[in-house]
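K.L.:
As a plain string of letters, each chain reads:
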Amino acid sequence: MDCRVVQELISPYIDGELDREEARQLEAHIESCSECRQRFGQIKAVVQMVGVLEEEELPDGFLDRLQARLEAEQVTGMVHRKHSRFSRWVKWMGIAAAAAIIVLAIRVLSLDGLLYTSPQEKGQTDSAAPESMSKSLLEGSQDEESAGSSDRPADDAEKQQKLDRGDVSASDAESETSEQAQEVDGYIKSDKVELRVQDVCITPQTLMIRAIQHGIDMVDQTENSITLKVTSIEQRKALYRELELLGVVEEVGTNFESDTVTIVIVEQE
Amino acid sequence: MNDEALLIERAQNGDVSAFEELVSLYAKKIYNYCYRMTDSREDAEDLAQEVFIKVYRNLKSFKGDSRFSTWIYRIAYNTCVDRYRKGRKLDTVSLNPGKNEDSVEIELVSSDPLPEEEVIKRERYRKLQACIAGLKPEYKTVIILRDIQNYSYEEIAEILQVPLGTVKSHISRARAALCDALREMLE
Ligand SMILES: [Zn+2]
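Same order as they appear, the protein sequences are chains A and B. First residue of the first sequence? That's 1 in the working numbering, and the numbers climb one at a time after it. First residue of the second sequence? That's 1001 in the working numbering, and the numbers climb one at a time after it.
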């Protein structure tokens, strides 16, 4: 298979649209061709990112305004129906939307990874509106629980570490702009680091999604590690910053001239 | 005959409450589709309402040759593309990510400072959303339908009324274009 064909087939492969033979050939090619492997990783990361975009709520009053427009067009039947199911539904939507907003606020406030939630969740957003709202209510309460039991202590520990190093940006009182947030002292210096994490959901895939956002390409990937090509100090800083948000970073490499860095994910008890 | 088919038949015979139920089934999906196409909540509302007005007017011409859902999406797609052709601001967003209204989300948490990770995450969402909206219409529509709303290749072919092979290559090129746009924006 030639690289051009392979790159055309990456998308249908991700969607399970290739037959077994084509899929096998693509896998074999990707195994041996680093360029296509890299492209595969990028496309897959983009699909995952897009897949966790959250559904927007209908704007307040959307249905009222729609009804008014339909009436304005002299659409029959809708006029003078004071207590139609439509308006009752509008009312119900209002309550449900308010509940959903509270849930959203909780989710936003809790530090759980909105962008990095499991892709399975996205299937649930496709159902009819009222149903998906009650689902998001359920999800919300679960998130709240898990945020209380695991995410927050981990995050506090991380903040404490930052404070120990005198990193004032970890202070809760600071409200930061993203520019300020970009400023970091640290960067990745050697060709290998260990990332000690408490969250079992952090995989090489997680790191790849974050890396791609800084224009950092993947060179290789294993079950618990990822090798990235870093070509500038900015990329090294950006990567360091991303890793710091996920866990404790420790330099273990000995080569300081390399333009690649391997990140090994180590789960901590 | 399933529930939806029954609703459609009733609505076609002038039953308003049946039409209302149909609207309630699709309003959020169609609004979201329009929102991703335009990256503007204001345009999305306007377009989505236009879609339902067209659905109402043309309900009698729906013969059940295709699924009702794909019929509505086809109207939504055509409505968005029409607007785009008329040169409204449908495609002017790509160079200026973030100018669009994030006010709603920000309001929700305005009393508390945002955790820094949250700031970064929002920034990412906004850039991603802007990149999607900046793609050409036939590309962004397949990204929205496939990767956000989870429609199958067959359903997308039915919505866009193009052969399956075209859907396949559009999805492939759209993702590649999105990937490149995203990398460019983030560099
Ligand atoms: Zn290749």
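Simulated from the structure, these hints should not be mistaken for lab results. Each residue gets a CB set at the ideal place from its N, CA and C atoms; glycine is no exception. There's no promise every hint is true.
[To be verified] Straight-line C-alpha distance at most 27 Å; calculated DSS-like pairs for lysine-lysine: (1) B/K1121 x B/K1054; (2) B/K1121 x A/K189; (3) B/K1086 x A/K229; (4) B/K1168 x B/K1136; (5) B/K1121 x A/K44; (6) B/K1121 x B/K1136; (7) B/K1136 x A/K44; (8) B/K1168 x A/K44; (9) A/K44 x A/K237; (10) A/K44 x A/K229; (11) A/K192 x A/K44; (12) A/K229 x A/K192; (13) A/K237 x B/K1054; (14) B/K1086 x B/K1054; (15) A/K237 x A/K189; (16) B/K1127 x B/K1086; (17) B/K1136 x A/K237; (18) A/K229 x A/K189; (19) B/K1136 x A/K229; (20) B/K1136 x B/K1086; (21) A/K192 x A/K237; (22) B/K1168 x B/K1127; (23) A/K44 x B/K1127.
[Claimed, not checked] So the derived list for chain B, only partly shown, Cβ under 8 Å to chain A, looks like this: (24) R1010; (25) Q1012; (26) K1028; (27) Y1035; (28) Q1049; (29) F1052; (30) I1143; (31) D1147; (32) Y1153; (33) L1182; (34) R1183.
K.L.:
Each hint should be assessed against the structure and marked as holding or not.
P.N.:
Here is what the structure says about each hint:
no., hint, result
1, B/K1121 x B/K1054, "violated, 37 Å"
2, B/K1121 x A/K189, "holds, 25 Å"
3, B/K1086 x A/K229, "violated, 44 Å"
4, B/K1168 x B/K1136, "holds, 16 Å"
5, B/K1121 x A/K44, "holds, 19 Å"
6, B/K1121 x B/K1136, "holds, 25 Å"
7, B/K1136 x A/K44, "holds, 21 Å"
8, B/K1168 x A/K44, "holds, 16 Å"
9, A/K44 x A/K237, "holds, 24 Å"
10, A/K44 x A/K229, "holds, 18 Å"
11, A/K192 x A/K44, "holds, 24 Å"
12, A/K229 x A/K192, "holds, 12 Å"
13, A/K237 x B/K1054, "violated, 52 Å"
14, B/K1086 x B/K1054, "holds, 18 Å"
15, A/K237 x A/K189, "holds, 9 Å"
16, B/K1127 x B/K1086, "holds, 25 Å"
17, B/K1136 x A/K237, "violated, 34 Å"
18, A/K229 x A/K189, "holds, 13 Å"
19, B/K1136 x A/K229, "violated, 31 Å"
20, B/K1136 x B/K1086, "holds, 15 Å"
21, A/K192 x A/K237, "holds, 14 Å"
22, B/K1168 x B/K1127, "holds, 25 Å"
23, A/K44 x B/K1127, "holds, 18 Å"
24, R1010, "violated, 12 Å"
25, Q1012, "violated, 13 Å"
26, K1028, "holds, 4 Å"
27, Y1035, "holds, 5 Å"
28, Q1049, "holds, 5 Å"
29, F1052, "holds, 6 Å"
30, I1143, "holds, 6 Å"
31, D1147, "holds, 4 Å"
32, Y1153, "holds, 6 Å"
33, L1182, "holds, 6 Å"
34, R1183, "holds, 5 Å"
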